[in-house]
Amino acid sequence: MPPPTYATKIDKVEPFNLSSPAGKDIWRKPPSHNVIDAPTYPSPLPQYDLKSFQKARLTFALPPGKDLRQYDQAGLLLSFTRDDAPLGSGKDKWLKTGIEWYYEKPYLSTVGCDNWADWSITPLQDFAGNDSRPSATLEVRRENDQLGKSLWVYQIIEDENGEEIESRPLREVNWIFALDEEGWKIGVGGAVARPNKELGDEELTAEFAKGVEVELLDYSKKLSD
1 MPPPTYATKI DKVEPFNLSS PAGKDIWRKP PSHNVIDAPT YPSPLPQYDL
51 KSFQKARLTF ALPPGKDLRQ YDQAGLLLSF TRDDAPLGSG KDKWLKTGIE
101 WYYEKPYLST VGCDNWADWS ITPLQDFAGN DSRPSATLEV RRENDQLGKS
151 LWVYQIIEDE NGEEIESRPL REVNWIFALD EEGWKIGVGG AVARPNKELG
201 DEELTAEFAK GVEVELLDYS KKLSD
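Numbers 1 to 225, taken from the numbering used here, label the letters of the sequence shown in order.
Keep in mind that the hints were calculated from the coordinates and are not lab data. None of the hints are false.
In the DSSO-like style, the derived pairs of lysine-lysine whose C-alpha atoms are separated by at most 27 angstroms in a straight line are:
| hint | residue 1 | residue 2 |
| --- | --- | --- |
| 1 | Lys-210 | Lys-55 |
| 2 | Lys-149 | Lys-9 |
| 3 | Lys-51 | Lys-210 |
| 4 | Lys-55 | Lys-9 |
| 5 | Lys-185 | Lys-91 |
| 6 | Lys-197 | Lys-105 |
| 7 | Lys-185 | Lys-29 |
| 8 | Lys-12 | Lys-149 |
| 9 | Lys-185 | Lys-9 |
| 10 | Lys-12 | Lys-221 |
| 11 | Lys-29 | Lys-197 |
| 12 | Lys-29 | Lys-91 |
| 13 | Lys-24 | Lys-91 |
Assemble the whole structure, with the sequences as input and the hints as a guide.
Now the structure itself:
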């Protein structure tokens, strides 16, 4: 017998701007570096049962390239916590995906942190130059295939009318839904970080022009058995 299906519901965060002081980051690297102090919006992140999470999307823009410094970044943050693994404890887990300024160029950047963080980047296509603002729409989705469950990260491409025309795959993350979905919570929101303090204390501000949209299963509305 197939599992029951349920209706979905949408949780929305209205458009916002978010600023980070210099020296703030989200990064975990052995043997002992563990920092997750970058500003988020909402703050604290709204929490959902991991088992109900389906997808999240946001659109954002950094300042013009000429105003950015090494490792400036903004995008979507997913945190994974439970009672014995609060945020920042080292037992928590997280994923961030966004745009990061790296050696004078913008890259689509995804970092997954299970025990330790890893990092993948791909050039941001169609960047018009350092007088323009690096921007993107990103979405993370729960997906299933013949081998099991995973979280996929996509860049959403829209036409001049704002209609979606392509989902460009950036990364598949397999460990998230290997967690005990009954025990873990997922936090979802926007994040901005400026790790580099060498050029002074000026803040980095990103614009999240469409806010954040989260799709969840609504277990109170069963569609079929």
